[in-house]
Amino acid sequence: MECRELNELAIDRLTGQIAPAREEALAAHLEECAGCAREIAALERAWEFLGEDPGLEPTRDFRRRSRELLEEEMLRRRVREFRPRPRWVRPALQAAAILLAAGTGYLAASRRTSAALVPAADAAVTPSRLPDLNANPRLSNLSYQPVSSGGKVDIGFDVTTTYKLEGSPSDPEVARLLAYVLSGAAENAGERSRAIELVQQHYGTGVGETSPDIVHALTATLRKDSNPGVRKKAADALSAMPMNAEIRAAFLDALRADRNPAVRLVAIDTLAAAAKVSPADPSTIQSLRERAFDPSENGFVRAKAASALKTMEY
Amino acid sequence: MLIRSEPGPGDRSGDRDLLERIRRGDTEGAATLFERYAPALLRFADRLLADRGMAEEVTQEVFVKVIGRAHQYDGRAEVASWLFAIAANACRDRRRRDRRAPVVSIEALPEPAGHEEGVEGTLIDREKREAVRRALAELSDEQREALVLARYHGLAYAEIATILGISVGAVKTRIFRAVETLKARFSQGAASWNAAN
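Residue numbers (the working numbering), protein chains in the order written: chain A, 1 to 314; chain B, 1001 to 1197.
No lab work stands behind these hints: they were computed from the structure.
In this text, all values refer to a predicted model and were calculated from it rather than measured experimentally.
Heads up, a few of these hints could be off.
Selected chain A positions facing chain B (Cβ under 7 Å, derived; list incomplete) [as the list claims (entries may be wrong)]: (1) Ala42; (2) Leu43; (3) Leu50; (4) Glu52; (5) Asp53; (6) Leu56; (7) Pro58; (8) Arg67; (9) Leu70; (10) Glu71; (11) Glu73; (12) Ser226; (13) Met241; (14) Pro242; (15) Asn244.
Pulled a few chain B residues facing chain A out of the computed Cβ check, cut under 10 Å [to be verified]: (16) Arg1076; (17) Glu1078; (18) Val1148.
Glycine included, every Cβ here is placed at the ideal spot set by N, Cα and C.
For reference, chain A alone in the conformation it holds in the complex (with noise of 0.2 Å):
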């Protein structure tokens, strides 16, 4: 064996992958080699060196809140096994539609109506004919624009047929649409965030009370959220709403919990600017404090903090 080959062989021990016959000429050559020796051992020292960090454990809170959040997905991801229909199937439906076509002239000539059918593709789906949400059906291609009259809106989305809902934002049957769209019906970071947006359009502009189950699943959002994008959009929607218990206790949690220093930043402007409506709880104070003073914080973090304490101190 020579000296220039110690490198390759001296990891391949290192790592346990060296080859019986490799390892024998290696133990033989640093008898006689008192520089690979040396060398090799320092080498050795390092790699064992290494173990002195034992690394992490995982937290019974950190398990927790993936086991809910693999959970989530999970639900979201549910695909829905095809099935081939039965031979019988098909004709049996086709002699169905021909009873049922038979069925509704007969109705509509018997009560000589005037109205035009309206076609299905166009038709407002009334509140009361919403797709099961307690099945946790997949909503796709959703569509969200404000209907001219009466300040309602109109929200579409596809499941395993084309959707459209019509109503007021205060319609409990639309707010609990919209909150099941934001707790996770959407597919992808894209869509919630999309989903706040459209939401905050909405909600976030002061006109009409907000839905206890909009701002339920928003806080919902900023606490448990993956991405910190989505997380942001929440807490910037849920900033503009009239300050409650609820959000007061997602922003705080956010403030001491959340990794992204962005939100972060809109927690601090959200209870710095309710403090101005009425005096800050001690709770506020004391997360602000921690802000402004940790060390390890993110300087922009702490100089807000520092600011919004100012601010409601003096």
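Take the given structure of chain A and dock chain B to it, following the hints.
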């Protein structure tokens, strides 16, 4: 043999079955895979990013991606390699987005579980652990990835090559250069700690 890697998930024989269960929508399958690999992936991400919070987010991100992509797993690599590859990519994304110096303050280091040797012993251990973290932070990202997979996770060259998308030769080169870089630093550190003891 000097490998002495950390205990890993051990038996990997059920990994593909777990993926199949995830594909079918079995939440317990996802939970079992998480319990099997989350500790190793958390340590891997923490050593690359030197930030517990980000490491936890990366670990969760890995499993969310696994749930979404279980049907894309083609079986050519071990499930473990696939998981570590996703984690390595997620860590690179984080580093690109957040180029903070990967140095951890001594206060941020976790307390060792079940440590009962007194204050002095704890401080010495923490100094050693911080020295390891600082030394790892001095390596290039590429060297650190290869070294951590080999030293702490005991993976074979071929697996590391698959995870990092490089050749086996490049893996060995990166590991050697990393150990060479650490050699002088650890030699000095060991001397001072021996004196302290």
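Consistency of the hints with the structure:
Taking 7 Å as the C-beta cut-off, the interface hint given for Ala42 of chain A holds, the closest approach to chain B being about 5 Å. Here the hint on Leu43 of chain A is kept, as its CB sits about 5 Å from the closest CB of chain B, short of 7 Å. A cut of 7 Å between beta carbons decides the hint on Leu50 of chain A: the least distance to chain B is about 5 Å, and the hint holds. Evaluation of the Glu52 of chain A hint against chain B yields a held restraint, the C-beta minimum of about 4 Å falling below 7 Å.
The restraint placing Asp53 of chain A at the interface with chain B holds, with a minimum CB-CB distance near 4 Å, inside the 7 Å limit. Checking Leu56 of chain A against chain B by beta carbon gives a least distance of about 5 Å; that is within 7 Å, so the hint holds. Evaluation of the Pro58 of chain A hint against chain B yields a held restraint, the C-beta minimum of about 6 Å falling below 7 Å. Against a cut-off of 7 Å between C-beta atoms, the interface hint on Arg67 of chain A holds, since the closest Cβ of chain B lies about 6 Å away.
The restraint placing Leu70 of chain A at the interface with chain B holds, with a minimum CB-CB distance near 5 Å, inside the 7 Å limit. At a threshold of 7 Å, the smallest CB-CB gap from Glu71 of chain A to chain B is about 5 Å, leaving the interface hint in force. Interface hint status for Glu73 of chain A: upheld, as the beta-carbon distance to the closest one in chain B is roughly 5 Å, under 7 Å. For the restraint placing Ser226 of chain A at the interface with chain B, the shortest Cβ-Cβ distance is roughly 6 Å, inside the 7 Å limit, so the hint holds.
With its C-beta approaching chain B no nearer than about 27 Å, Met241 of chain A sits outside the 7 Å limit, and its interface hint is violated. Because the beta carbon of Pro242 of chain A sits about 31 Å from the nearest beta carbon in chain B, more than 7 Å, this interface hint is broken. Hint on Asn244 of chain A is violated. Least Cβ distance to chain B is approximately 28 Å, over the 7 Å limit. Residue-level restraint check for Arg1076 of chain B is violated (minimum Cβ-Cβ distance to chain A is 22 Å; threshold 10 Å).
Of the supplied interface hints, the one on Glu1078 of chain B is violated, with its beta-carbon coming no nearer than about 16 Å to a beta-carbon of chain A, more than 10 Å. The interface hint given for Val1148 of chain B holds, since its Cβ lies 9 Å from the closest Cβ of chain A, which is under the 10 Å cut-off.
Hints 13, 14, 15, 16 and 17 from the list above are not met by this structure, while the remaining hints are.
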